[in-house]
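> Sequence:
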Amino acid sequence: MTIPVRPGAARPAGRPAGPDPLAPLLDLPGVREAADAARAGIDRLLAHRLMRNRSAEVSTESALRGARASASLDGVDVPLADLRAGSVDDPVVQGSLRVSVALGSMVDTWARAPGQVLARLHVLAAADLVDRRDLGRPAPHAGARLGGLFPVVTGTSTVPAVLVAGLVHGELAALAPFGAADGVVARAAGRLTAIGRGLDPKAVSVPEVGFAELGAEEYRARLAGYASGGPEGVAAWLVHCCHATELGAREGLAIAEAILRG
1 MTIPVRPGAA RPAGRPAGPD PLAPLLDLPG VREAADAARA GIDRLLAHRL MRNRSAEVST
61 ESALRGARAS ASLDGVDVPL ADLRAGSVDD PVVQGSLRVS VALGSMVDTW ARAPGQVLAR
121 LHVLAAADLV DRRDLGRPAP HAGARLGGLF PVVTGTSTVP AVLVAGLVHG ELAALAPFGA
181 ADGVVARAAG RLTAIGRGLD PKAVSVPEVG FAELGAEEYR ARLAGYASGG PEGVAAWLVH
241 CCHATELGAR EGLAIAEAIL RG
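The numbering of the sequence shown is the UniProt record's numbering, which starts it at 1 and goes up by one.
The set of hints was computed from the structure by calculation and includes no laboratory data.
Using C-beta positions, here's what the derived DEER-type ranges look like:
1) Thr158 x Pro29: 16 to 24 Å
2) Pro151 x Gly75: 28 to 36 Å
3) Ala139 x Gly215: 22 to 30 Å
4) Gly18 x Arg137: 30 to 38 Å
5) Pro151 x Asp82: 39 to 47 Å
6) Phe150 x Arg54: 33 to 41 Å
7) Glu57 x Pro21: 37 to 45 Å
8) Arg84 x Gly115: 31 to 39 Å
9) Pro21 x Val76: 31 to 39 Å
10) Gly262 x Ala221: 35 to 43 Å
11) Ala221 x Phe150: 24 to 32 Å
12) Thr156 x Gly115: 13 to 21 Å
Every residue, glycine too, gets a C-beta built ideally from N, C-alpha and C.
Using the sequences and the hints given, assemble the complete structure.
Put into structure tokens, the structure is as follows:
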């Protein structure tokens, strides 16, 4: 299992033609510094010697660990050894695995047609959780807010990719557009944003593990703060995402070192 990102697919977004609507995020307390630290952590991972010709091996393990961690944030925590052995049939875990496997094929489409990708992510994540007729169909209440989010995904910005990814993740998790497997979908969308905007073009970090290490309770609390809409809550959520990204980069380094040791 891997996240096979097509070479050249992931490039940093260009500069917006007019004022950048996301620029004020950098003025929120602690956000700029946290974004810089996250970028530095990813850069250390990408500079690892294994990334020259064996990054796919790291991406394979990253996909597995990311799927496990994402499911754990939704309350289903299973041993990594059992997941590796293929002995876990829990529907949340299986949905998370399907999403991880498919991410690489969605990077290009995500930047052009995010609604299409979100529908596909939900089909994969919730296939064993809801009626087939409800798969990939956002609830009516979600329409307007999704319409406001999609230009963020498809547009250009000078804001660091880790913050755009955090914004996408937070919006989808707070909105819960599908009513089932929304957490898995939101985390996958955040990761797609990070890959597509050039933060982690080889898909070798494991941000989901970072969120899990910071704790599910903290994750929910920071997400609730973001959902409140206040600047302090938004800042705390974005800083939380940056810290998770740092930890996810360390997890990627640990994977790379383990592969080197054989």
